[in-house]
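Generate coordinates for the entire structure from the input sequences, incorporating the hints supplied.
There are 2 protein chains.
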Amino acid sequence: MSTAEFALSCPLPIERYPQVLLAHGGGGKLMHGLIRDVFLKTFGGQPSGSPHDATVLEVGGQRIAFSTDSFVVRPIFFPGGDLGSLAVHGTINDLAMAGARPMWLSASFIIEEGLPLEVLGRIVTSMEQAASSANVTIVTGDTKVVEKGKGDSLFITSAGIGILESNQRIHPQSVRAGDAVLVSGDLGRHGMAVMSVREGLEFESAIESDSAPLAEVVLALLAAKIEVHCLRDITRGGLTAVLNEIAEAAQLGIVVDEAQIPVRDDVKAACEILGLDPLQVACEGRFAAFIPEKHVSRALEIMKSFPAAGGARRIGLVLADPDPLVSIRSSIGARRILDMPTGEQLPRIC
Amino acid sequence: MSTAEFALSCPLPIERYPQVLLAHGGGGKLMHGLIRDVFLKTFGGQPSGSPHDATVLEVGGQRIAFSTDSFVVRPIFFPGGDLGSLAVHGTINDLAMAGARPMWLSASFIIEEGLPLEVLGRIVTSMEQAASSANVTIVTGDTKVVEKGKGDSLFITSAGIGILESNQRIHPQSVRAGDAVLVSGDLGRHGMAVMSVREGLEFESAIESDSAPLAEVVLALLAAKIEVHCLRDITRGGLTAVLNEIAEAAQLGIVVDEAQIPVRDDVKAACEILGLDPLQVACEGRFAAFIPEKHVSRALEIMKSFPAAGGARRIGLVLADPDPLVSIRSSIGARRILDMPTGEQLPRIC
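So the protein lines, in turn, are chains S and C. The opening residue of the first sequence carries number 1 in the working numbering; numbering runs sequentially from there. The opening residue of the second sequence carries number 1 in the working numbering; numbering runs sequentially from there.
These are computed hints drawn from the structure, not numbers from a lab. Some hints could be false.
When chains are identical, the list treats them as one kind, so a pair holds in a single copy or across two.
To be verified - Derived SDA-like pairs (lysine to any residue); straight-line CA-CA distance at most 25 Å: (1) Lys-148 with Pro-116; (2) Lys-148 with Gly-310; (3) Lys-304 with Ser-133; (4) Lys-294 with Ala-177; (5) Lys-150 with Phe-77; (6) Lys-150 with Val-197; (7) Lys-41 with Gly-121; (8) Lys-41 with Ser-133; (9) Lys-268 with Arg-169; (10) Lys-225 with Gly-149; (11) Lys-148 with Pro-347; (12) Lys-150 with Glu-113; (13) Lys-41 with Thr-125; (14) Lys-41 with Ser-132; (15) Lys-41 with Glu-113; (16) Lys-294 with Glu-112; (17) Lys-41 with Arg-122; (18) Lys-225 with Val-296; (19) Lys-268 with Ser-331; (20) Lys-148 with Gly-114; (21) Lys-148 with Pro-18; (22) Lys-150 with Arg-74; (23) Lys-41 with Pro-116; (24) Lys-225 with Leu-276; (25) Lys-41 with Thr-137; (26) Lys-148 with Val-197.
Okay, here's the thing in structure tokens:
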């Protein structure tokens with residue numbers, strides 16, 4: 001598929017979808033169409049850019065990263081995490097993906113009338129624990145309350161500021177043909193932890209979310225002078241969305257080996273029951289890294305020294321092909337296209 | 001009332017109100033209790049501090065301000081503004097109140113399924129216009145979609161970064177006995193613009209919101225070397241909440257002259273119909289300034305040179321009294337206490 005075809009395959013939301021659908025928030029084609037045709041068109045920015053990464057700005061000669069995310073996950077408590085820790089990890093990870101050391105967070109709460117204060121207290125405590133164990137400080141915030149039936153217990157929006165200590169330009173456009181594609185661990189656990197609770201699936205032991213802060217791992221790679229061309233946390237739309245976004249921005253093809261992509265058996269089983277593709281399921285503590293071949297073994301060694309990236313693997317390769325296609329080689333050698341997901345599969349996972 | 005009595009008069013939310021009420025978002029006692037007992041207790045910070053101001057941080061030797069606000073106003077379009085421009089002005093003004101030049105904003109959208117994209121487009125366009133006319137740039141964002149009935153068309157959370165160009169410490173604790181209290185214009189228009197639409201009140205001409213960016217005025221005061229002890233935008237809880245917050249933080253009494261407080265006749269009339277006190281009604285383009293007497297006439301001259309502060313007035317005085325009481329002198333000379341409002345009057349005004 002050429003770039004022009006890719007653009008065409010992103011439906012024009014206003015013409016084809018006059019109202020916002022759940023899929024517009026799902027991390028796939030519809031969301032990318034909405035971001036491109038409504039937000040980027042109005043606010044400016046490169047349609048081929050990466051609107052979900054932190055933006056890099058300069059203050060007093062120092063480069064900083066700035067990012068925000070809203071969190072609307074349901075249920076707000078799930079195995080391995082909750083809305084509060086997720087809101088902290090999500091923004092920390094966006095900053096980390098720009099190579100920044102996360103420093104300060106804001107936290108803004110939209111509370112539905114009737115929320116027990118005890119529940120709010122647990123979420124706020126979880127945020128504070130997640131922040132302090134990642135060495136970031138929540139420094140400012142806001143509270144709004146909406147009437148019963150006009151919200152859904154609690155939404156949290158966090159924004160964050162990080163400091164760039166390295167001069168590397170970590171960006172999709174820094175990706176080069178021949179770069180290896182690494183992932184920091186097994187995929188799909190966060191999405192399936194949430195969906196299993198929501199759908200009432202029971203397994204021998206609960207699937208726990210992978211929600212975790214990733215800055216420490218990234219900063220260690222940079223401190224070791226690993227050339228890091230691009231980083232992307234694997235959230236909505238899963239690995240499939242990440243690879244398609246990077247391929248599109250870099251204008252290069254990517255191929256991955258199915259046998260190398262780590263997915264746990266319980267996650268595979270849950271995906272099968274729900275008819276989902278694990279490669280489209282969100283994580284909240286995993287990232288993909290695009291790194292030149294010569295640095296791969298050292299990078300994997302460093303990543304594996306952190307619990308959050310203990311399952312790091314090399315899963316694929318950036319091709320010299322200027323067609324931004326993502327393909328996957330199955331274990332029997334067949335090759336198929338990994339197309340950008342539509343985003344309908346997993347609403348309110350983060 | 002002593003400080004201890006003031007603290008007692010802020011209900012302990014968890015014990016007395018086990019569930020979140022609309023009033024917890026109203027800018028009054030309940031909200032302050034929630035912030036103090038849940039957020040500040042967990043995240044740290046001074047209970048006597050000012051949780052709604054921007055936080056001042058240091059990056060590369062440069063002081064920056066960082067702030068966030070969620071906006072849930074209903075209806076999303078009202079005379080004189082809309083949710084989009086409000087989200088931009090609100091965060092700009094929080095930064096300005098720290099004396100910062102607002103530079104960059106984030107915008108995070110929580111969209112209820114079914115929102116017409118045309119409406120979203122109008123709000124986003126309004127944000128962009130408000131940002132560009134205030135010389136700030138929206139640099140990062142996020143989009144989440146929730147199911148129909150789990151949101152209310154659109155909530156926007158903005159965060160912002162500003163740069164402090166002046167060395168003045170603009171803070172409630174810099175307020176001194178003898179400081180004059182100025183307001184930048186007539187009060188209560190934003191709240192009554194929104195309430196009039198919501199309650200179907202009809203006047204000869206619609207009351208228009210005062211929603212406006214205030215940074216230009218503040219930066220002009222600072223550039224002219226006016227000693228600015230404290231600034232506070234007059235939002236939820238109105239002038240009454242602002243004065244009580246500052247009195248409490250500064251541990252000083254404040255007295256204001258009713259006859260000097262500018263409130264338009266149509267706003268007074270609308271307040272009377274709805275049983276509201278105009279001094280408790282939110283503005284979104286007005287601020288209070290605490291300035292030493294010797295700089296008042298020059299400060300008023302500068303403020304009046306800007307359309308956003310054309311109606312600036314001196315309305316009162318900070319007393320040497322260490323009891324943090326706010327009182328108001330009526331035109332016939334009677335003096336009464338302006339107590340912190342409970343916050344129940346005006347839900348979802350911003």
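Here is what the structure says about each hint:
1. Lys-148 with Pro-116: Answer is both: 12 Å inside a copy and 23 Å across each meet the 25 Å cutoff.
2. Lys-148 with Gly-310: Cα proximity of Lys-148 and Gly-310: none, with 43 Å in one copy and 40 Å across.
3. Lys-304 with Ser-133: Answer is within: at 20 Å inside a copy they meet the 25 Å cutoff, but 49 Å across does not.
4. Lys-294 with Ala-177: within (13 Å within a copy, 67 Å between copies)
5. Lys-150 with Phe-77: both (20 Å within a copy, 17 Å between copies)
6. Lys-150 with Val-197: The answer is both: 24 Å in one copy and 19 Å across copies each meet 25 Å.
7. Lys-41 with Gly-121: between (40 Å within a copy, 10 Å between copies)
8. Lys-41 with Ser-133: between (38 Å within a copy, 18 Å between copies)
9. Lys-268 with Arg-169: neither (36 Å within a copy, 57 Å between copies)
10. Lys-225 with Gly-149: neither (52 Å within a copy, 50 Å between copies)
11. Lys-148 with Pro-347: This pair counts as both: shortest intra-copy Cα distance 21 Å, inter-copy 12 Å.
12. Lys-150 with Glu-113: both (9 Å within a copy, 12 Å between copies)
13. Lys-41 with Thr-125: between (39 Å within a copy, 10 Å between copies)
14. Lys-41 with Ser-132: between (38 Å within a copy, 14 Å between copies)
15. Lys-41 with Glu-113: between (36 Å within a copy, 22 Å between copies)
16. Lys-294 with Glu-112: neither (52 Å within a copy, 47 Å between copies)
17. Lys-41 with Arg-122: Only across copies: Lys-41 and Arg-122 sit 13 Å apart there, 40 Å inside one copy, limit 25 Å.
18. Lys-225 with Val-296: within (12 Å within a copy, 56 Å between copies)
19. Lys-268 with Ser-331: within (16 Å within a copy, 75 Å between copies)
20. Lys-148 with Gly-114: Answer is both; intra-copy 7 Å and inter-copy 19 Å each pass.
21. Lys-148 with Pro-18: between (27 Å within a copy, 15 Å between copies)
22. Lys-150 with Arg-74: Answer is both: 15 Å inside a copy and 11 Å across each meet the 25 Å cutoff.
23. Lys-41 with Pro-116: Result: close only across copies, 17 Å inter versus 41 Å intra.
24. Lys-225 with Leu-276: neither (38 Å within a copy, 63 Å between copies)
25. Lys-41 with Thr-137: between (34 Å within a copy, 14 Å between copies)
26. Lys-148 with Val-197: both (24 Å within a copy, 21 Å between copies)
In summary, the structure is inconsistent with hints 2, 9, 10, 16 and 24 from the numbered list given earlier, while agreeing with the others.
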